[in-house]
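Given two chains presented individually in distinct reference frames, assemble the corresponding complex, making use of the accompanying hints.
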Amino acid sequence: MLEISSPMLVIGLSLGLAWPLGAYMRWAMDPSESGPRRAAYEALCTRLLGSPASSPQNWKRYAGSMLLFNLVMYLLVFAILTTQGVHPLNPDAKAALEPSLAFNTAASFTSNTNLQHYSGEVSLSYFSQLFGLMWLQFVSAATGIAAVTALCRGLSGRTLLGNFYQDLWRATGLVLLPLSLIVAVLLILAGTPMTLDGAAVATTLEGVTQTIARGPVAAMVTIKQLGTNGGGYFGPNCTHPFENPGFWSNIICTVAIVLIPMATVWMFGRITQRMRHAAVIFSVMLALYLAFVACAAITESAPTAAFAGLPVGDAMNLEGKELRFGTTAGPLWAVSTTATSNGSVNAMHDSLNPLTGLLPMAGMWLNVIFGGVGVGLINMFIFIIVAVFIAGLMVGRTPEYLTRKIEAREMKLAAIALLAHPVFILGGTALFASTAWGAGTLNNPGSHGLSEIVYEFSSAAANNGSGFEGLGDNTVPWNIATGVVMLLGRFIPIIAPLAIVGFLAAKKATPESSGTFRVDTWMFGTVLTAVVLIVGALLFLPLAVLGPVAEHLAI
Amino acid sequence: MKELLTNLRLVILSVLLCCVAYPALLLAFAQMVVPWKADGSLLTNEQGQIVGSAQLAQAFTRPEYFWPRPSAVNYNASATGGSNLSPTNPRLTERARELIAQYGGSTAAPVPADLMAASGSGMDPHITRAAARYQVPRVAAARGLPLHDVEAVIASASEVDALRVFGGEPLVNVLRLNLALDALAANNP
Chain A
0 MLEISSPMLV IGLSLGLAWP LGAYMRWAMD PSESGPRRAA YEALCTRLLG SPASSPQNWK
60 RYAGSMLLFN LVMYLLVFAI LTTQGVHPLN PDAKAALEPS LAFNTAASFT SNTNLQHYSG
120 EVSLSYFSQL FGLMWLQFVS AATGIAAVTA LCRGLSGRTL LGNFYQDLWR ATGLVLLPLS
180 LIVAVLLILA GTPMTLDGAA VATTLEGVTQ TIARGPVAAM VTIKQLGTNG GGYFGPNCTH
240 PFENPGFWSN IICTVAIVLI PMATVWMFGR ITQRMRHAAV IFSVMLALYL AFVACAAITE
300 SAPTAAFAGL PVGDAMNLEG KELRFGTTAG PLWAVSTTAT SNGSVNAMHD SLNPLTGLLP
360 MAGMWLNVIF GGVGVGLINM FIFIIVAVFI AGLMVGRTPE YLTRKIEARE MKLAAIALLA
420 HPVFILGGTA LFASTAWGAG TLNNPGSHGL SEIVYEFSSA AANNGSGFEG LGDNTVPWNI
480 ATGVVMLLGR FIPIIAPLAI VGFLAAKKAT PESSGTFRVD TWMFGTVLTA VVLIVGALLF
540 LPLAVLGPVA EHLAI
Chain B
0 MKELLTNLRL VILSVLLCCV AYPALLLAFA QMVVPWKADG SLLTNEQGQI VGSAQLAQAF
60 TRPEYFWPRP SAVNYNASAT GGSNLSPTNP RLTERARELI AQYGGSTAAP VPADLMAASG
120 SGMDPHITRA AARYQVPRVA AARGLPLHDV EAVIASASEV DALRVFGGEP LVNVLRLNLA
180 LDALAANNP
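First to last, the sequence lines map onto chains A and B.
Going letter by letter, the first sequence gives residues 0 to 554 in numbering that gives the first Met the number 0.
Going letter by letter, the second sequence gives residues 0 to 188 in numbering that gives the first Met the number 0.
It should be emphasised that the hints constitute simulated quantities derived from the structure, not laboratory data.
Do not rely on the hints blindly, as some may be mistaken.
Label-pair restraints from in silico Cβ distances [claimed, not checked]:
hint : chain 1 : residue 1 : chain 2 : residue 2 : range
1    : A       : 410       : B       : 129       : 54 to 64 Å
2    : B       : 154       : A       : 289       : 32 to 42 Å
3    : A       : 31        : B       : 129       : 57 to 67 Å
4    : B       : 140       : A       : 195       : 45 to 55 Å
5    : A       : 3         : B       : 4         : 53 to 63 Å
6    : A       : 11        : B       : 140       : 45 to 55 Å
7    : A       : 544       : B       : 154       : 27 to 37 Å
8    : B       : 3         : A       : 410       : 49 to 59 Å
Think of the CB as a built atom: it goes at the ideal place given N, C-alpha and C, for glycine as much as any other residue.
With the rest of the complex left out, here is chain B (with noise of 0.2 Å):
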């Protein structure tokens, strides 16, 4: 009897310690000093509306924007996951087909890897630089822009970061440079 008390109190201290002062203390710090952060780094236009999470990735299917990594659950940042397909599965080889038609892949330039593969979230918000510069095309035709000039957001937009300091591949966040680019085109109407 004395021993389930026991185990009672050590209920009652160990929530008390872990789930109430622990995550209180985290919550006073990160709300007082990355408070941005902290609510999950969103993003807004001018009106004050949300657009989006710097940190994830959102669907973009028109040919004006830079398309990011596809996604296993379409960009649902509520219910998020991968593809969890094997390398033997011919579902990825078909999944990947369609995606090289989208593209327009051929052997000449063949798409990068990058945009043929799903993240392990589906919410990848980087795609590599040379994921960006093979979608200018694209993009500045759809836009009517220079390719140079497409070309310069992209370089604004790509991040240095510790990655790349170690030697990594230059990555771009879509979301971000997607915003750079229509922020240029209400700049230049």
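Excised from the complex, chain A in its bound form (with noise of 0.2 Å):
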């Protein structure tokens, strides 16, 4: 019964919820009918931030001031981790971050990655936590939801795409804020700790002295999973007891995890005023999301091979998992944090049998069910040109989506945009499995060593975070590569959306008739589905044979 009740309540509530959270952001992001009291807060906004933040922009100038706004972010970080030592709420003396290091988590928290080469309560001050790299984790959730916004205002024929700062404001204010109140006050209900306070010490009942790192958890875990960012405050993350407490809290994160994801797509069809298509979507999106829970929960249920043949108890494999949050938590979280770009996780996901290790791998490749805040239905924008494109070459028609023609130079941005992610992936795991680089640090022999490399760029490129953790990965070279894929897997993946949008807003609009091709039926469904899982996961297929399956024929 537990294995099927957690799940249905994560589900349902999410899904229970996304729907009035969307009409909430559009609301929120793009105000159609504004009352006065509305027109009063944004012109009250536009005098706070000045008139550059008051007139909208076409895409080229929404991408420059995404970027600008962006460089701000890491530079300001990047020094604050470089010079922690000096700063003030350190009150167990944490020291400044080497540099490379410091340029990986910079460029982790920017890119909305969360990738850690450190560990939270070891490395980082309560400063740090909370102006570096909690700052971060707002206004990179807020950069996605921006540029989301944008590009469904493109899809319904406007040119000019909004105001970015603008649109950073209200994701962050409107948005991200009062959602992350609600959140963090529930989680303090069910027992994470908020304080200021240094490290308790403990005298344990065996006369050992216990050092308890704390600090100001609850407010960082709530933000690190609204905005699928996933940097946890401690370095195992949600599986830390103080980061989630029990059963409820778990609950709640995981919630908290696909509902901005989910509620963006009712965001788009309401801007668009294309709700049957975003239905659609949305269909795709929970149809690939279920099927990739039901295989986790199924194949995690078996217990480790590491205990066969020797007297144990029977059990689900537990190695890497917490007993309070219930037998299909795991799976579930797995599945969740990786379909989306959270990367937050609730058990080892080094520890994973390797069937269900494959599936956060898939989730990362594939990047679109549901997605990272924003940047999830970016991507799948890009899978539904190429759908488009595909099936109106099968027809023998020029393809358009949305009354707007699809043509070449289009063709071109989707095509660089889909395949930048594969050549981080296959690229960097070539590069580290053949060198020293990647080979010398690893933690598990065999086929399940490369799948530590192939997850830690999959994780990067997907903007993710999470990791087979078992990987020695805080060295330079690890930090340098997997900045740099993290930056460009971020951008490219924005940018070149943006400006396909832009380019079809300046088209001219076919007006739709019975000849059409339509993008809110079952059939464009399927064969989203499919584009999705052959053009997404085929060229990945090798990996996935020599890592995790190898793996498990090996048993």
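See below:
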């Protein structure tokens, strides 16, 4: 009964909440008929932010402002991390980070990845956590919401995509902050600590000294889930009892992981006024999500192969798992956190059964099953363009999407956005698997070692942030390689789609007729699913076979 | 230039909102409504010394105490983590063999799986009730107590929470269980 009830609770709650949240996000991000109060609020924001935050921008200026602000984000946090020792709120006297680690960490949180080559409670002060990383968790997620809002505006036919600064401020203040306050209060009530006192020192019943790291945990855990950031306060993320104290906190966190990515699809439907099309996209994502969850729950219910033949009681694979969440909580979270580009964990992915470990990887390879805040739908948009293009070729007509013709220029950009992902993963894996950079840092032998390298690059390229954490990844080559991949993997798949919608919106609309290729039917949903699976997954099949599948067969 | 200024204003405003106002509100709420949990659920003994956190495991090695799940970080609450060993890693099998020897497990009395598998954080405060029962003979013998007295302490320390309502296995908090055992000993010298 527990096997079913916990996924049902999570999926039911998130489906139910995503619908109203989508309507709210539309109101917050792209107000169409705003009342006098909203107009007064917008006027106040413009006064606070200055005139560059009021005039609508075309796709180039929008992307330019986004890059500029993200550069500022990166530089500020890099500076904070490399001078950590002199800042306030550092009761446990943490020293500055080494430069390559600071580069990796700043790049990681700017790109909404939150790959962590440091361990939170060991390396960072409360100031760095709150003012460096948690700030980026808000504004990088807001960047994603801003970008997808711009995409939606372009697809509704507007050549001006809105104003980036205005959108970022709306996403931060009207979407992320109120949601975070609600979720954080729930987590605090569930037992997540929220304090600025330094570590507590206990003398255990056997007389040993135990230093208990704590801090403003609830604030950061909340936004890391809602913003699909994933960077935990503590090293082992949401397996830590302070981040995730029990059954209910686990349910709340899992819902928070998928909530905004789900709601974004409904926001897209409302802004473009194509709810049926949005419903088809939502169904494709949901079908893939449910299939992944079911597979993971089944493969993980088997005991770990390591205990085979030993006198150990019957149970699922418990290595790397906590007992208080229940049996299916681990696989459900593993799928949710990698389908969306969240990357937090409530079980150690390195210790998952081999085939279960394949599912998080596949989630990151596709990167469109709801996907990261904002960027998930942007990635899906690329697949939609490809699906429309292929369908158009099959019936021998110029492909069009939402009344605009798709031509060579758009397809080239789509191909670049689509191919960047496998190039980073396959290329990076090849380089590190064949040199001591990767081979010297493995925690596990054989096929699983290869999986560790594959996982790390998949996680960086997909801006996910989870890991097969046995990998000794705090080395200069890993820090630099994954840092660069995270930044390119973030901005190429945002800018290319913005360019595409910019070009599309500038074209003349062809009126819809009975001959128009419809994108709001089950037929299109099927084509889209096939394109996602074939184009998205096939490229990675060799890696899947050499890594997790080979490991499974070796058992 | 004007745009740079807007960037700066956006940085300042978002920092004030997300890094000052947001945590300050939460701090105030947490410290007023649930101060004990907000400080890390710390447990103290009669002398007022902190003995641990109700949410975190701590090392127990003596036979008169119940033992928690294995920890890859030796219960270090300032550098937590899991083993990250894969199911095909021989080190995991080796570790299990050593633990089985410690518990005296055999085919007739297999050791409950949660006592063999390290938790993700290395700090899982719980074991299953079956894993607690498995340790009763050792604990009772070391303390010179009748088995049913120790069993009774387990029953009183079992947590009734949502997990059980939804059909999960009953869990026992090891630190609370051991505190209850010590209290029993103090009351019946």
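Going through the hints against the structure:
In this structure the supplied range 54 to 64 Å holds for residue 410 of chain A paired with residue 129 of chain B, their Cβ-Cβ distance being about 60 Å. Taking 32 to 42 Å as the suggested C-beta distance range, the pair residue 154 of chain B and residue 289 of chain A conforms, at roughly 40 Å. For the pair residue 31 of chain A and residue 129 of chain B, the supplied restraint of 57 to 67 Å holds, since their beta-carbon distance comes to about 59 Å. Remark: the range hint 45 to 55 Å for residue 140 of chain B to residue 195 of chain A is upheld by a beta-carbon distance near 46 Å.
Range check, residue 3 of chain A to residue 4 of chain B: about 55 Å between beta-carbon atoms, so the 53 to 63 Å window is met. Between residue 11 of chain A and residue 140 of chain B the beta carbon distance is about 49 Å. The supplied range of 45 to 55 Å therefore holds. Taken as a hint, the range 27 to 37 Å is violated for the pair residue 544 of chain A and residue 154 of chain B, whose Cβ atoms sit roughly 51 Å apart. Restraint check, residue 3 of chain B to residue 410 of chain A: a C-beta distance of roughly 36 Å breaks the suggested window 49 to 59 Å.
Of the hints listed earlier, those the structure fails to meet are numbers 7, 8, in rising order.
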